[in-house]
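Visitor: Residues per chain are reported as follows:
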Amino acid sequence: MDDARLYLRLVSGRARSQLQYRWGFVFDVLGATLVGALDLVAVLVLFSNIAVMDGWSALEVCVLFGVAQTAFALADLLVGHLDRLPVELRAGTFDTVLLQPRSSLLLMIASDFSVRRVGQVALSLAVLAVAWTRLGLGVALLDVALVTLTLVTGTVIFAAIWVIGAATTFWTIDTMELTNSLTYGGRQLTSYPLGIYHAWLRRFVVFVVPLGCVAYFPVRHLVGLEPASTSPLVRLAGVPAAAGLVVVAGFVWRAAVRTYRGTGS
Amino acid sequence: MSALVEAEHLAKTFVRRQRGGLRQGLRRGLRPVRAEHRAVDDVSFEIAEGEFVGYLGPNGAGKSTTIKMLTGILVPSSGRVQVAGLDPSRQRVELARRVGVVFGQRTQLWWDLPLRDSYELLRHVYRVPAADAASQLDRFVDLLDLGAFLDTPVRQLSLGQRMRGDLAAAFLHRPSLVYLDEPTIGLDVVAKAAVRRFLAAENAEQGTTIVLTSHDLADVERLCRRALVIDHGRLVHDGALADLVARLGSGRTLVVTTVDPVPPIELPGTEVVRTDGPKQWLRFDGNPAAVIAAVAAAVDVVDLTIEEPSVEQVIARLFAR
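Protein chains in written order, with the numbering used here: chain A, 1 to 265; chain B, 1 to 321.
The following block holds chain B by itself, in its conformation from the complex (with noise of 0.2 angstroms):
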């Protein structure tokens, strides 16, 4: 195996030009303030080809910093970075060929054709041949179940329909790396359950490799093997993410509600943080069907759910140690 992407001590300061007021512009001479900011600070890791990794941290923490430098749309402040063997800022085009991208807010489809032309646009874009393209497609109408839509003008298609659309496009050149930003977001479960299966046959079958980027944590233990977390612009862990979760407990909570109003629910490996009437929430980590097993027997339940906590909760639980 070898490493598909290798960053060492990568690095981005941007430089923020901040206007004042008058009184204040004056006193400083009319020259601008300038403040740095360091949105990737030295960060090092490598990916070797086939792995599906996913890479989290809270909102500004510097993960699109990151792979816009990963794929050569920003050129790094310091440090050196490698993708397929190429130096992304200044072989970029290159690059792009073997590279798919889809940011869950924007969109590379043609808004006002239907779905079906947008492959036939981008498949000249990067020069796919024609019968290659066609059984992608195939491949996708059944993996994504595009069939019904893809005669539809995008700008009907509901999201979870458009994002399906988005991952074919991102995938028709069969890139060798696919970074995906936040693909569920705002999808119904069914939708998302979609996603995850098309990724997961992607990264196993065609041997995509896959960089994700997710709030969801259920996306990212159903999908990647590994996770790097950055924080600050800093690489605050790396390695499996069962370990991740081992380490910080998985940190579900299960929401109890019982018959009749009951004292607190005392069970090994729970605790009760919250209650409300014939309502307790229990925190716990391990094993969901056990401690469910455990609750059903020691009491008269109505109704059981479980809320999972989100990648910023899990991560803020990793700082807090």
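Okay, chain A solo, but in the shape it has when bound (with noise of 0.2 angstroms):
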């Protein structure tokens, strides 16, 4: 795919001038691990005080943790800059992603990349595989398809979201705190056991902003918490969630988009 390649290019050379202050490099990847690492800290802290929560216990907890955090993790990495997109319309300086002959979602995805977030995808990964190990969970190939498969899909879930708040701003430029809380706060939702939400916020997260769907129902058949008569099909939650945000995500940046050049409103 060409804009595959061109995607990979011009985000190779965003890695390449972040590199170049290397200093500044370490430290950004040192303090974005440290958050990582506190929220880690916080689950220890509660397994402190009981011992299981809604039937999980810690480690199960871990492995939930890790696939959810490395999931939203990724998805900082890969869009995680479009919150400076209300800036870029207030500077103007997004007329010069329209003025060329690209996708301008495709060109401001590729506008940059925060490599300071590989600390945290390798942290998560590390809780995981450390969680999963200790467990005795073993690398059935099918369940490793089934964590890959689940980091894929919650990685795009997270992306979209940030895409679709990215969007809303064209109509409202100050509501990228308000997605904030989707994605940020998305990150310690998904983390823990739905189980322990309240029936309405666990609806709303499976049905209307399917976060429900990053990591828990197939981190709950991996650690053998499935209810028996679950059907199989539940740990695929996530592949419908995530093409149908794609989906959603692709209209409401064209719309808004449109709505930018005039067209709309």
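Bear in mind the hints are in silico, worked out from the structure with no lab data behind them.
Since this is a predicted model, take the numbers as computed values, not measurements.
Everything hinted at is true.
Over the 10 angstroms line for every Cβ pair with chain A, so calculated as not near, a few chain B residues:
no. : residue
1   : Leu4
2   : Val5
3   : Arg16
4   : Gly147
5   : Leu157
6   : Ile185
7   : Leu187
8   : Arg196
9   : Asp216
10  : His237
11  : Arg252
12  : Gly269
Rough simulated footprint, nothing fancy, chain A against chain B, three-plus residues with beta-carbon under 8 angstroms:
no. : region
13  : 96-102
14  : 109-116
15  : 121-127
Just a sample of chain B residues kept apart from chain A, beta carbon distances all over 12 angstroms, derived:
no. : residue
16  : Ala3
17  : Ala191
18  : Val262
We put the beta carbon where it would ideally sit given N, CA and C, even for glycine.
Assemble the dimeric complex from its two separately framed chains, guided by the hints.
Guide: Dropping the structure here:
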């Protein structure tokens, strides 16, 4: 794919320029990793007071935590910089994007790449690996495939929510904080078993903003907590959620750019 | 010659929602006040292939709004526009491949990367074959003297170097049409001359059609054969720049410093508009060389400078008539 090649070229350009500031880069990685580590501390503190959470042990929650946080960190790495869009709209620099003969969303996503997030990705994967091994879950091919698929769909879900949130700022300019509450808040929410939340919130994050489909259903199966009556298809809830969100995100982005250009409203 | 750009009764109206105070808001039933602003109002013109056109007007006259409609960034409220046979707002991406743009205040270069890397990335954005981009870049290194800073990160370039870099970026994909918004703003005399030389060459040798927006009358006089003047969203002049200047006079001012203060210098075709000790300001239209010779013959001159009028002053005079 030509677009994919262009993306890789542009992003490696950004990565190269970030690595020029060596010490700044090191501190950025450390800082971002520390924030992720604090979330892990929160889980451990919680489990120093309780033995199980909605039937999940500390290690089982750590698997969930590892999957959800990895997906979030990957999405943040890929599209987190879209929260700067309101600034670009105000400064008029978004026009430069519209003057180039490529998809404006592709160019915006490729305009940056937060290398410093790799620390958070590594930390989350490490938590996942340690908890996985301590639980003695083994490396059955199907299980590994399900984890990989879940990481991909989870990343796509977070990234699509980010794109939708960024697109709405074309209309509102100042609602990026609302989006951040969904993405950064979603990172916390998806790191714990859905059963601990109230029924209405559960329904909201499964059917409206499908954050609940990021990690909970497949991990529940992987750690052996899935009720016997549940259809195996439920483990794949992330696939339709991610696909649906990508369609919605593309649609909202196009509508937003049309409004910016003065066809809408 | 066929028309590359055609604009017919082009108009763009912006609706601004003004948020008043609470009291005002309550009185109007919390409905925001809508104010309409006609940024471009019934503008029609054609630009033929290979032309070099000045698009002039005071700040806020509607210049950038017109350019944005011609590039497809903005969709016109009414009227018709066609560029290179395409409808800009519907075929924006296709058109973008054939158009180059330089906004004086913004850059499309990668801030932290060496200048050379920006061209490599832009080459891929515009799908320019490697050999073609290399030969273009060779030409630009020559014409714009980029050699000395091709491997310097863009953030370390001086304003003049960055502008030259941006110009090369806009011409890299061999666009048939280039819009330039204030390409010489803030540049020193040498950099300005380099930019003008480059633009004249691209227009004459490559046949690139160029639309130039500038506050610098010297830019326009040296480069453009034709000027479009817009004010308050309306096109008020479309014709040879020489006609505009002849109609209004160039309106230059000669500042004369004499050895000792002398009475106001009286010469045909000039007018003393100000005096300050040994200094006198002479407004004149017409050939500067003749006026300078006449002044030098009449008084003992220590120093002479010519003040160019700004585009605004020329246009202000257009309305004074």
